[in-house]
Structures are given as C-alpha cells and as structure tokens.
Amino acid sequence: MCHCNSTARRGMLMGLLSAAAAAIVCGAFAAPLAAEDTLTLYSGRSKSLVDPIIERFSKETGIKVAVKYGNTSQLSLALAQEGKRSPADVFWAQDAGALESLAKAKMFAELPKAFFEPVMENFKTADLTWVATSGRSRVLAYSTARVTKESLPKSVFDLTDAKWKGKIGWAPANASFQAFVTAMRSQHGEEKTLAWLKGMIANEPKSYPKNTPIVEALAAGEIDLGLPNHYYLLGMKKEKPDLPVGQTFFEKGDIGNLVFVAGAGVLASSSHPEAARKFVQYLLSEPAQQFFTTEVNEYPVVESIKPGSQLLDMAALKAAAPKVKLEDLADMAGTLKMLKGLGLI
Amino acid sequence: MAAVALPLGYLAVQSLRAEELPPVFTESNAALLWRTMLLASVVLTVTTLLGLPMAWLTVRTNLAGRRMLAVLAVLPLAIPGYVMAYALLSLGGAYDSVLGNLFGWQIDRPRGFLGAVLALSAYNLPYMFLTLRAAMQDLDPSMEEAARSLGRGRLAVLWTVVMPQLKPAFLAGAMLVILHVVADFGVVSLMGYDTLSRVLWTTYNTSTAQEAAPVAMMLVALACGFIVVEMGLLRRVRLDRAGIGTARKQSLVRIGWWHPLVYLLFAAVFLISVVVPAGTVAYWMSRLGAVQWWPDVREALLRSVEASVPAAICATAIAVPIALMRARYPSKSSFVLERLPFIGYATPALAFALSLIMLCTATWVPDWLYERIYQSLPLLIFAYTFHFLAEAVGPVRSSMYLAGPRLEEASRALGRGRVATFFRVTLPVLRHGLIVSMALVFLSCMKELPLTMLLAPIGFETLAKNVWDYSENVEFAKAAPFALAILLFSAAFVGVLLLEGREDQ
Numbered sequence: 001m002c003h004c005n006s007t008a009r010r011g012m013l014m015g016l017l018s019a020a021a022a023a024i025v026c027g028a029f030a031a032p033l034a035a036e037d038t039l040t041l042y043s044g045r046s047k048s049l050v051d052p053i054i055e056r057f058s059k060e061t062g063i064k065v066a067v068k069y070g071n072t073s074q075l076s077l078a079l080a081q082e083g084k085r086s087p088a089d090v091f092w093a094q095d096a097g098a099l100e101s102l103a104k105a106k107m108f109a110e111l112p113k114a115f116f117e118p119v120m121e122n123f124k125t126a127d128l129t130w131v132a133t134s135g136r137s138r139v140l141a142y143s144t145a146r147v148t149k150e151s152l153p154k155s156v157f158d159l160t161d162a163k164w165k166g167k168i169g170w171a172p173a174n175a176s177f178q179a180f181v182t183a184m185r186s187q188h189g190e191e192k193t194l195a196w197l198k199g200m201i202a203n204e205p206k207s208y209p210k211n212t213p214i215v216e217a218l219a220a221g222e223i224d225l226g227l228p229n230h231y232y233l234l235g236m237k238k239e240k241p242d243l244p245v246g247q248t249f250f251e252k253g254d255i256g257n258l259v260f261v262a263g264a265g266v267l268a269s270s271s272h273p274e275a276a277r278k279f280v281q282y283l284l285s286e287p288a289q290q291f292f293t294t295e296v297n298e299y300p301v302v303e304s305i306k307p308g309s310q311l312l313d314m315a316a317l318k319a320a321a322p323k324v325k326l327e328d329l330a331d332m333a334g335t336l337k338m339l340k341g342l343g344l345i
Numbered sequence: 001m002a003a004v005a006l007p008l009g010y011l012a013v014q015s016l017r018a019e020e021l022p023p024v025f026t027e028s029n030a031a032l033l034w035r036t037m038l039l040a041s042v043v044l045t046v047t048t049l050l051g052l053p054m055a056w057l058t059v060r061t062n063l064a065g066r067r068m069l070a071v072l073a074v075l076p077l078a079i080p081g082y083v084m085a086y087a088l089l090s091l092g093g094a095y096d097s098v099l100g101n102l103f104g105w106q107i108d109r110p111r112g113f114l115g116a117v118l119a120l121s122a123y124n125l126p127y128m129f130l131t132l133r134a135a136m137q138d139l140d141p142s143m144e145e146a147a148r149s150l151g152r153g154r155l156a157v158l159w160t161v162v163m164p165q166l167k168p169a170f171l172a173g174a175m176l177v178i179l180h181v182v183a184d185f186g187v188v189s190l191m192g193y194d195t196l197s198r199v200l201w202t203t204y205n206t207s208t209a210q211e212a213a214p215v216a217m218m219l220v221a222l223a224c225g226f227i228v229v230e231m232g233l234l235r236r237v238r239l240d241r242a243g244i245g246t247a248r249k250q251s252l253v254r255i256g257w258w259h260p261l262v263y264l265l266f267a268a269v270f271l272i273s274v275v276v277p278a279g280t281v282a283y284w285m286s287r288l289g290a291v292q293w294w295p296d297v298r299e300a301l302l303r304s305v306e307a308s309v310p311a312a313i314c315a316t317a318i319a320v321p322i323a324l325m326r327a328r329y330p331s332k333s334s335f336v337l338e339r340l341p342f343i344g345y346a347t348p349a350l351a352f353a354l355s356l357i358m359l360c361t362a363t364w365v366p367d368w369l370y371e372r373i374y375q376s377l378p379l380l381i382f383a384y385t386f387h388f389l390a391e392a393v394g395p396v397r398s399s400m401y402l403a404g405p406r407l408e409e410a411s412r413a414l415g416r417g418r419v420a421t422f423f424r425v426t427l428p429v430l431r432h433g434l435i436v437s438m439a440l441v442f443l444s445c446m447k448e449l450p451l452t453m454l455l456a457p458i459g460f461e462t463l464a465k466n467v468w469d470y471s472e473n474v475e476f477a478k479a480a481p482f483a484l485a486i487l488l489f490s491a492a493f494v495g496v497l498l499l500e501g502r503e504d505q
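These protein sequence lines map, in sequence, to chains A and B.
Going by our numbering, the first sequence opens with residue 1, and the numbers climb by one from there.
Going by our numbering, the second sequence opens with residue 1, and the numbers climb by one from there.
There may be inaccurate statements among the hints.
[What the hints assert, rightly or not] Pairwise CB distance ranges, derived in the manner of DEER restraints:
no.: 1; chain 1: A; residue 1: K113; chain 2: B; residue 2: G112; range: 46 to 56 angstroms
no.: 2; chain 1: A; residue 1: K163; chain 2: B; residue 2: G279; range: 31 to 41 angstroms
no.: 3; chain 1: A; residue 1: S58; chain 2: B; residue 2: L38; range: 48 to 58 angstroms
Since the hints were made in silico from the structure, they are not lab data.
Computed from a prediction, not measured in an experiment: that's the story for all the values here.
Positions of the beta carbon are idealized from the N, C-alpha and C atoms, including for glycine.
Just need the whole structure built from these sequences, with the hints factored in.
Laid out in structure tokens, this is it:
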C-alpha cells in the first residue's frame, strides 16, 4: 500500500467527518425554518394535487404558506403526538376519519358558523371542528374488455353472486373502503353488513392496498370488477385515454355509491388562527372549488360551482347517492372491529 | 444507546396507555407469521445463492469489468421497493404491458408469492452481495494456501476454510435481508402477498398510536428472536490469522473460458434487478413531454443529499467503536451494545419517528430548544443515523473480525499511543468495511419515507418524497425524473466509494 495514498485517503475521511460535524452544529443553531409570519399547513393531500391552489392563495392574500406533505393517517398520528406544541396551523386531510379522530382529541378550534353556510346539505359536518373541502364517491369500476355494461350488477349486494367468483378487486385496508362499510352498517345494520362481507369473502375477491392498483388490475385483466373511488380512473385516463376500464354507479340510492369528503380544520394550538381560518375559507372559495373539480376531478362542496365535465351534475349525483350523512361515518372503530374479526385487516 | 432505547421506551409507554390492547397472539397473526417466515427464508436462499458467487467473482477472479459489475449489482438498493414492484407488475397484463409492447408476449402479472420473491430478492441481493464482498476482500490467502499445502482439495478448502471465514459477514447480510423482508409493506401489498407488516400498517393507519404500539412491539420481539439466533451462531468466532506478519494480497483466480457463462449469470440477475426497474422509469420519463422538471429535481436532490450524506458518515463513525468493542473486548455488555442498533433497525420507522416527536415535544423541553431541534435537519440526520445504524455495523464488524488484534498490538508495542494506533492502523484495515457501511446507509436514507415525512423540516421535499407523491396519484411520468435522479446519483456515489476501495496496484 502506497503511504501517501493512504494518508490522502485518511485526510479525505477526516475531512468528510468534520464537515458532517460542522453541518450538524451549524444546523442545530440555525434559526427555525418557519418564520413568524408563515402559515404552517400539514397536508395529507398530495403536493401534485394541491400545490397550485396553495400558491394561488399566497399570491392573492400575501400570506406565506409552508407545507408539510405526508400520508394523512401518519400526519394525524404526528399531530396527536405533538399535541399543544404542534407547529401546524391547519390540517388538510384526505379523508374524514383522520379529522374525526383529531376532533375527538379536541385538537381543533371551532370554525365560524358562516363558513358552513355555502356548503351543500349533504356535505355538512356534524359540528364546527372541520369543514368538507371536496367530495368524491364510491363507484363500480369494470373492465370494458371483459364485461359489458348491461351485465353489471345493479347493487353492491349483488357482488356476492357466484358468477363474480374470483373476479372482484377490493381494498379492505383503504380508508375509503372502510368509510363505505361504516355507511353500510349505519344504513343496513350490522347483520346485513357482516353477511355481505362474508358473502364477498366466499367469492374470493383479490385484495389490493388501495384504489389505483384496483384500476390497474382491471386494465391488466386480472379482475373484472372493482370498488374504487371515482377520481382515480379519470386521472389515469388523462394519461392513457384508451385504458380498457369504465366506471358507473350502482342503482339509485345504493350504498355502493356512497358520497364522502376530504376536509380541513384549524388547530386549537395555532399561533396564526386568523390566517389559518382565512386559508380554510379560501378552500371553499370559487377559485379553489373550481380547481378541485376541473383539475382533480372531485365534486365541489358549495352549491354555486358546476362539477367538471367528467363528472355527473350535482342533481344526478344527489339522486345516485345513498341517504347517508357525514356524521353517520363517524363510527369507524366498529367497522375496524368487524373487518379485523373477519381477518380482512 | 439511549437513541436506540428511546423508541422501545416509547412503545412500552404507549402500550401501557392503551385502553384496550389488541390481541397479539391470534390465529391469524400466527398464519401471517408463517407466511412472513416462508417469504423471508426463500428470499434469503435466493439472495445467498446469487450473492455468494457474485461476490466471489467480482473479488477473487480476473473477471473483466468486475468493478463495473459490482457497482451495477448495488444499484437495486437505489430503487424504492414499491417502484421495483410497479416495474415488475408492468411487465405483464392484458393492457400496455412491457413484454406485450416489445415482443407481443402475453403473460400474467407476477403477483402473489412469486412476485414478492422476485421483487424482494432483487432488492435485497445487494445487502448480501456487499457484505460478503467486503469480507472476501479482507480474506487472507495464507489460510487457504496452508490448507492446500496440507493436501486439501480446492472444494474442501472452500468448505472448511473460506466459508467459515465468511460466517460473520453472511450473518450480518442475512440479518439485513430478513429484517427488510419482515418490515416490507410496499412490495408485499402491491404483490398481494400478506405478511405481518400488513397488521402493523393497518393498525397505524386506522388506530391511535397507543393501540398500534403493541403490534410494533411484536415485530421488535420477532427481530430480537433473530438476533438471539444470530448470537448463538456467532459465538466464539475468531478468524484472524494465527501466524505472524500481515495479510498478503490475494492472487486472482483466472476464469478464462468461463467468462461468457459468468456474464450470462450477471446479465440474468441484472435483467430483473436493474434493467426492468431502470427501464420502467426511463419509459415513464419518455412520456413526460415538455415539462420543466430540472429546478424541482435539483432542489430535491440537494435536500436528499444534505440529509443522507451526513447520516451515512455519522452512522459509520458510530459503528466503528461499537464493532471495535465487540471484536476486541468481547464481553456481555459489548455484545449487547453491538446488538442494540439492530433493535433500532427493526423498530418500525413510524414508531421511531413518533418516539422522537414525543421526546422533542415533551413539556420539559424548553421552548428555545424545541424550536431549534424539532423538525430540523440535524434531527432528521439523527433519526436516519440511528435507524440505519445496523446497516453500518455489519460490514465494519466482519472486517474487524478478519483483521485481528495483532497489528494493533504490534503498533502499540512499537510505541504508538491508543489514538494514533486507531487512526493509523485500525481504520485503514477496516477500509473495505467502512466503505460498504457508508454506501448501505446512504442508499437507505435516499429512499426513506416515514422518517422524512414526519421529522424533516417543513417544506423539505426529498427525491423519494416526490417519487411517492406523484406515483400516489398515478402520475408516473412526473415521478420519473426524481426516481432517475435517485438512481443516477446513488450509482455515482456508490461508484466513487467502490473505486476508492479498490486494491492499490
């Protein structure tokens, strides 16, 4: 081994080590990242979906927003652990379950009643802790290459028919699926729901971790029918218009057409409550609602906005949707118990 | 020590606070445990059967281009598990499948057990390859020569002399592979093969942290089981040479006419582990169109690097004294010390992150301190360092075993002090191990998600976070430049490290 070489190498190693140490020391004494006048948002909604509207909010109001993007349930665990010391001002969640559990832990400050006035009746939350920001529905997705629209089941309860054995894809671990089961329990009772789940299991459905893999499996010909949310297919068709997958509602009022929401709340511990409320209110404003429906293919929650061209109009959606209130979706715990009992999660 | 014990303490506290403990010893968990063990043992077998010859061929033979092959063999570590799974799935299926588009072949998507084995083997092979490789570089040929001169045949030498010397490295690699398979959720969920991690993931997704803690404890306990087994297998291993003097350079085995066959082996492995995932990402990229992605990618690359590089260096620096204690001063306490990192490694990342949040936001932490440490870059580096410390310990440890204490003793006898001996004798001897340690930790940090999401400074968007964010919304084309950046930068980093570690000519 050449001596000079090893000295140089050791020098490099030592250099790297001291650089790392220096970085840590400097970092430790650097000023905190979030400045005084910046609003801190924890967003369980993807950056790629919501970043443009947040930037627009900043531009229009002059309020800077620092965003922590992440997975909704993980962020809600972090918020619960942070408690009063949370740096977050606003939590914007992908699904109501996470918001409800934080509301139960008294993490949210109440929002002004006026915020809820423009929100349509079916998207109104039970109390003032958080507000729905956009709507989505459960749908029946199918492989257009393997089944005809006429042969599709009319009700989600028909999926237990033996002719669909091994041909259905679902995502029991997914929050949206769990919201749907909760709705079924509230509308049809524990017994009927349990019987449906058992019937489904007997039909040997294929399990996927979430909605998009269901749609992909439909395209790949792995399954014929699937139970995802409505907007994933619409997004995927933007990139691949010839994707051999279609989606439809079950018959009017069927529980399989459940309509539910994403939402946001202001943390009780917020150090910028004024700006935080302004942000939440902005999510209900015309430009934001228009953005959700045209860009993200979701349903608006305020009356004045027309749903995007890919979606049903509001009257048709209301006719298709089952009569379930958002507060009926609160008993997530009962659903999880049932799913666990069946070994589904 | 405290850094690793912290998450355990956190889990214990949370479990005690839970109102209703979820049943852990259930029939369905037992079934899942069995499926997990089955998957882990098959993946371990595959990675060993491939990793062992690949390591030997790139270290002990005159195989042309062996350094390049070694860099390629490490690359799968730069590919997030779920991307590997997506890539394999996109091979088959009735619509827009890669094999269909390229060759008109129609195959089913490789889902289920087979898909999980393929993806996890491809992804874990580098752990086995790298740890075995580092150990092989440090083998002393005089042992083999002695055995040969005493009349043993080539094969007998391989079994009775070489293999036992590789034992610590193999066990270190096996631990990493097994713990990875047990912890993996991204791959098995996409492949539709249920393992224990599903229970953990769904409880963390649907319950409070208190209810999830016992499940996390169960996984840690399982890892402790593996650690105990490894402990039994590693007992009384002493591998340094009995003779005097220093290790001689190894002579290379000439493989001559075997070259084509060897290249075929590497080509087959790389086809699955490198070409398929990298090709898939490149294909996504080709559909990106005229989108301005470079500023975002550059920004994310800086974020990834400024957290991953310091973590790799810190973890390696901490691993050295730990491995030194274990190899030179074997005792119960040094043994426990060396095992602790594996417990930190086996603690689910989410629990690890939550425990740090608990510590930082505790009421007794003064405001000024909280504001400076919570969600700061040093906190993230700290979390990376201690979560991935185990990856750094293994390679350093196996180098240490092979080096033996004699050189250090000689240096001390010649009048050098402890510190001088450490820097001028011990560290250079450990070079191969140190390099592999750094590479492993670096690559893990580059694709890490839960720790980054919860502990990084607000607005800190790494490459891995971008890949995850876009692929969540099926915008694979937009995810592609970020995934490619992870791949290329990781390849460059590992390439530099492996070149740095070459034998001096």
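Structure-based check of each hint:
1. At roughly 53 angstroms, the beta carbons of K113 (chain A) and G112 (chain B) sit within the given window of 46 to 56 angstroms.
2. Range check, K163 (chain A) to G279 (chain B): Cβ separation about 39 angstroms, and the 31 to 41 angstroms hint holds.
3. Hint check: S58 (chain A) to L38 (chain B), Cβ distance near 52 angstroms, so the stated range 48 to 58 angstroms holds.
Of the numbered hints stated above, none is contradicted by the structure.
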